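> Chain by chain, the residues run as shown.
Protein chains: 2
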Amino acid sequence: MVELVTKQEWLDNWQINRRLTRKVIEAFPEKELFEFSVGGMRPFSKIVDELIYLGVIALRQFSENEIIIFENHDNYAGKTKAEILSNWDKLTEQINTFFANTSLERFREEFNVFGMFNYPIIHNLDYLLQNEIHHRGQGYVYLRALGIEPPAFYSEF
Amino acid sequence: MVELVTKQEWLDNWQINRRLTRKVIEAFPEKELFEFSVGGMRPFSKIVDELIYLGVIALRQFSENEIIIFENHDNYAGKTKAEILSNWDKLTEQINTFFANTSLERFREEFNVFGMFNYPIIHNLDYLLQNEIHHRGQGYVYLRALGIEPPAFYSEF
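Heads up: the sequence lines are chains X and B, in that order. Note that the first sequence covers residues 1 to 157 in full-length UniProt numbering. Note that the second sequence covers residues 1 to 157 in full-length UniProt numbering.
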């Protein structure tokens, strides 16, 4: 049977997006990554805290089939840009391992991630991806407001 | 066979995202929709010109199986917020019709949309969706910079 989107394509698309987000993190100067924002919003480091926290803890819940309650994740990604990028890359590997070890059937099972969102695992992952794209778009505006040319949106596609 | 994502789920997710983008358009005051921006970027109306243009012209190409070359689309979405919202809703119907009339096999066929991107149709649609989320994230920052509370990102999910 023809599949609309295969597991491998879905994974590839997420990792393509994650490479682009990594470039956005890299584009921030160290100080501005942790301090700069527009309109009273979070600095980009706090967004990356959220992205890495959600990714790591969601995969752990899906793998171990145990709910972990959402909690404060300030500085979860790290306290320097280098530390953040290193944690970003660790999650890249964890995602690849999760996809390699998880069956198509499992992706369709409902799991109440963080005890809050009871949907098929693939829907929960889709939300993580879309949340990342959403916040990365916010990061693009921060970079422009800093006078920094962001990586081309299309660069990884 | 289990499918990772069904055609109906993919469509529903796009329309959920489009309802959220519609709320973001609505949240802008008339004048600021066409004039306000941050960091020298486009006002949100020009982003919506792009989103509606890409959607309408991509679907036409997939349906008629003929390439249309990408061209200038200033004011494609309309010159007032009411006109933009009306064109947004027309595209909503066109998307529903396209999905109803298009086979799973067709979604997997490569098509060189705008003579520029030769990928399976579902990949091209995925790009449209992710481009929309990216630019909507930009719109959130514009609203915050205007002191306007944007619609909750989670509101439609």
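The hints are simulated quantities; they were obtained by calculation from the structure and are not laboratory data. Keep in mind that the hints are not guaranteed to be accurate.
Because identical chains cannot be distinguished in the list, a pair is counted as satisfied if it fits within a single copy or across any two copies.
SDA-like mimics (lysine to any residue), calculated; alpha carbons at most 20 Å apart, straight line [unchecked claim]:
1. K31 / R108
2. K81 / N101
3. K90 / E64
4. K46 / Y154
The structure presented is a predicted model; accordingly, all values stated were derived computationally and were not measured.
> Give a verdict on every hint.
For each hint, the structure was consulted:
1. K31 / R108: neither (42 Å within a copy, 45 Å between copies)
2. K81 / N101: neither (30 Å within a copy, 48 Å between copies)
3. K90 / E64: Within one copy, since 18 Å is at most 20 Å while 45 Å is not.
4. K46 / Y154: between (24 Å within a copy, 18 Å between copies)
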